[in-house]
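Trainee: Protein chains in written order, with this note's numbering: chain R, 1 to 262; chain Z, 1001 to 1147.
Since the hints were derived computationally from the structure, they do not count as laboratory data. In this text the structure is predicted, and so the values were computed from the model without any measurement. One or more hints might be untrue.
Result set (EDC-like, lysine to aspartate or glutamate): computed pairs, CA atoms no more than 16 Å apart in a straight line [stated by the list, open to error]: (1) Z:K1119 x R:E5; (2) Z:K1119 x R:E256; (3) Z:K1119 x R:D44; (4) R:K93 x R:D58; (5) R:K234 x R:E5; (6) R:K97 x R:D44; (7) R:K47 x R:D179.
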Amino acid sequence: MEFNEVIGNRRTIRFYDPDRPVEPEKIQIMLEAANRASRSVQGDYCKAVVVLREEMSDQIREQLKTPTTTVQFDLAPVSIFWYGSSDYDQTGKERLKELVDLGALPPTHGWSHNYVDEVAYTQVVKPLRDDEKLNLWMVSLEAGLQLAQAMLAAVDQGLGVGLSAFNTAVAKDLLNIPDNLIPMWVMFVGYPAENPKAEGQRPRRPLSENYFRGTYGTPFAEDPAVTQRLRDEKMIQEPGVPNDPARKAEIRELAERFGLPL
Amino acid sequence: MTPRARPRSASSPSDSGCPCESALDVTGDDATQAQLQFVSVQRWVAGTTYDEEHSDRLRQRLDVLRGFLASIDREPDSLVAFCFLRKKDTGERFVSTKRRGVVNEQIDSYVQAQGWTGKAAVANGNIVRSFLIHNGIPIGGKAWTGG
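Kindly generate the complete structure, drawing on both the sequences and the hints.
Mentor: This is how it looks when you write it as structure tokens:
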């Protein structure tokens, strides 16, 4: 699948086929995509635990649910529990020096081993780590980059994915999660039981409402030719139609198949 | 339900103002008609537009709900009200996690008492959950996966 189409095809999937397992290699590809994400100071901000549906008892799945994370735990063949890690400072110096040695952080941009020791680590990384709010911001943002790449890798392989909340206390015990990890999301993975395009692309506001040029509030002007190209390449797709009878019929069929509330 | 199910706003379904009447041709015995007088039931029926051409299934759902409510000795509006509490300082209404859990267990007990098993157990329990969901109470459903 072409890159632009992968972005355009991604939706949050809520109905998975419980009888169609996910190939392990596809999970590995998702994790490697996450591992390749951009990351500041070369830190390891993200940890993930992959759990198959059959590895969780009915009781555990019930306990992991939240009011809005419900049947996904019953349906998705794979759940990936994502956590943010605040340990990035522990290897911060060495990782940064690696980049200096590789020439990724060159002296042309002010980088040297001494700068790492005396400024970058002691005056930037460590204070960030020591400030609870800043640390949470840093870890969440950096983890989010990894999750996004994992999701796109899943879509590229024909899988459905969705992020959701989970009962973090139950998961902590179940997965043996260390105290210093910060729960992010559970990522459900599986082959969609619903038509992944059935309800169209999720509505998004035009670029001009949220993206600006020069100063905040000055809309970024779209080039209609580029917009059309993105339509042709399926990054921009037709949005869903409210109360679409076909979508309603599909949800009804899924509810009947799985005995869900309707 | 429902010797206790008292009409709330109208004496007959035809002038109840229930949106369900335009969406669904719901007729039935007195118990069903009495059920449809409750605001919470009207809201539920109006919300189940995914199934608007299947009024027979709606009657079956009303029966399941009625049986559950009888088992816990509550009327539908009262069950919804039970799931909410108000903050002492602001008066803001919120769903009580504890009470929702109590109701969830009551649903499971009812399903068990009825002797429903397999998919019927899951689907019938979720009928009651659907009633709660359409009344603003997000309550975890289960899925039938054939296991």
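Trainee: Now tell me, hint by hint, if it's right for this structure.
Mentor: Hints, one by one, checked against the model:
1. Z:K1119 x R:E5: This hinted pair is violated, its Cα atoms lying about 38 Å apart.
2. Z:K1119 x R:E256: Answer holds: K1119 (chain Z) to E256 (chain R) is near 10 Å, not above 16 Å.
3. Z:K1119 x R:D44: Not satisfied, since the Cα-Cα distance of roughly 45 Å exceeds 16 Å.
4. R:K93 x R:D58: Roughly 45 Å separates the two Cα atoms, so the pair is violated.
5. R:K234 x R:E5: 5 Å, holds
6. R:K97 x R:D44: It holds: about 15 Å lies between the C-alpha atoms, which stays within 16 Å.
7. R:K47 x R:D179: 13 Å, holds
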